[in-house]
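Protein chains: 2
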Amino acid sequence: METAHGGIETPAFMPVGTQASVKAVSPEELEEIGAEIILANTYHLYLRPGHSLIRRLGGLHRFMHWSRPILTDSGGFQVYSLARLRTVSSDGVVFQSHIDGSRHFLGPEKAMEIQQALGSDIMMAFDECVPFPAAYDDVLDAVKRTTLWAERCAGCKEEGSGALFGIVQGGMFPDLRALSARELVALDFDGYALGGLSVGEDAATRLAVIQATRPFLPEDKPVYLMGVGTPADLVEAVCLGVDMFDCVMPTRNARNGTLFTSTGRVTIKNARYTDDDRPLDPNCGCYTCRHYSRAYLRHLFMARELLAYRLNTIHNLAYYIDLMRAVREALRTEQMALFRETFHQSQGINQKKEDT
Amino acid sequence: METAHGGIETPAFMPVGTQASVKAVSPEELEEIGAEIILANTYHLYLRPGHSLIRRLGGLHRFMHWSRPILTDSGGFQVYSLARLRTVSSDGVVFQSHIDGSRHFLGPEKAMEIQQALGSDIMMAFDECVPFPAAYDDVLDAVKRTTLWAERCAGCKEEGSGALFGIVQGGMFPDLRALSARELVALDFDGYALGGLSVGEDAATRLAVIQATRPFLPEDKPVYLMGVGTPADLVEAVCLGVDMFDCVMPTRNARNGTLFTSTGRVTIKNARYTDDDRPLDPNCGCYTCRHYSRAYLRHLFMARELLAYRLNTIHNLAYYIDLMRAVREALRTEQMALFRETFHQSQGINQKKEDT
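Chains as they are written, first to last, in the numbering used here: chain W, 1 to 356; chain E, 1 to 356.
Next comes chain W alone, as it looks inside the complex (with noise of 0.2 angstroms):
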């Protein structure tokens, strides 16, 4: 995929950097790591400090100090999950700040203006997200909205600006899934997003969901899944066609002390770290896994120290936009059937351990 900042390499695993940062890593870091494209959202930065504002200021990437591609968000999922007393009509969504409580407005034109305002290269169109569970026909009337809005949207795109994504709603059901897919096909993006999943369903669930979508999106166009997921999620959501993924897993956990590695999960406030001077992962690359040892990472946990959260940051992206690389590795060399069962095997072993 190509933007104006620069190439992606398919399937990628964009980093979250909510409010114009990626929690606890710097620009640099996430060059090192080899992150290619990171997520931004609208919802937080119209908030604060306020779109207008970056604009001024010369756009998102001179704003945070980072050159590559950066992916928005439409606003819509942090509508539905963040903020109070939504009110959506066909013009949009009247709702309360989380922050402060003020009154503000998002629609699709606004949800554009925005995203034009920062400087995105994939913008995402403004969508309708439904509880889980939802019944039938209010997920009907939530596709047909976004179906219409993402119309307007494509509509007040500007001359020169980034590529722009349809959302696929339809909450659990297939058929809607469909109809969904298939109005914005209609429409002819640059790429269709699969939204309004990792809301409490279950993985069967949702990879069932992606299964019956897929065959309805075009092969040559990008399918990006949001919000999504466990290292296994992604893999497993590589294998039904999905190119792209965003999610908080990564950088949340490794605030939480909860670190991916090649062998499972770790939890590094166990004990048994405490005397273990090996790198976290030794089949990782990484800065903290070159120069720190479980027991300082486990240390630095501990003490609640600022390092802490950085480090295991660097580590679990790392981890991630690694897998995302083997993958890759795997899809070019037709391994990826192979790939996905060694990969399987290799998670549990952690947990064993740790368990003892």
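The list treats identical chains as interchangeable, and a pair is accepted whether it falls inside one copy or across any two copies.
Derived pair list, reagent style DMTMM-like, types lysine to aspartate or glutamate, alpha-carbon separation capped at 25 angstroms:
1. Lys23 <-> Asp275
2. Lys110 <-> Asp275
3. Lys23 <-> Glu305
4. Lys352 <-> Glu341
5. Lys23 <-> Asp277
Just so you know, the hints here were simulated from the structure itself, not pulled from any lab data.
In this text the structure is predicted, and so the values were computed from the model without any measurement.
Position chain E relative to chain W; hints supplied.
Below, chain E without anything else, positioned relative to chain W:
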């Protein structure tokens, strides 16, 4: 000054790495800033993760991935300021940990055991701090005990271990400071620290104590003022013949959003910086000032992003380290009086702006 881990140019400022980490920054960032030596806390590392663990893992330098010199304090000040239920005897101090209330003992032999286990380049003899204000006789007792303990510390210094400094006590009484200095100098330490300051006294009292003590310390040995202070305090103390400093002020203030610049302090949350596209300090070449605007630093701080603490800390430490570099240059060229005058004039500029 030379140590087993390299040389230190004086006057020097030492960033504080209390728990085997200078809060919010990496060793590489400290090197880029130009820090030639850091301080680590004997009391904290003894309690968590324990000096025996650090020795087993190859010493503090390897544990925390820092290859330049490390100075360790004696633990005396922390036992006095942090620990609970202290009982002081001629052997040392029984106290309760501020972390979990567990009972511990620190005395001259123990403090040396810990510092040598850590692999410290510059160790401090175990001392007794007194409250401020304190009665003359109590301070005299503490001075006498500090001398006896210093002698015992010198007695258990192992072959090949780091330098050992004696700590001058004596409260705010010039004659007791002189007594303490004379007694320690008779024991011929590698350097001398001024302890028991920054305990609530005003700057004038502190400067008077330094002025009263310095003549009793040798010209050819380093003098280290412990736990002091503001940039102006450092400039004044250098003029009185002090060579080394440590203080949590640059790092702690950074995390509170108070930033030191060439024109005085900046309170970064101030609304005046919302739209301010300029670097924090146009006269600073640190990573933060090279790549980020005041507007972005304010945004990160308001949004409580972890990157805020790092960027602010990098700048404040760079400010202190650069100030010492400028002071060394002024001393070399015999322009210290002029430097001091210019420095004090520059410091108020920003307050006047922020107050308007």
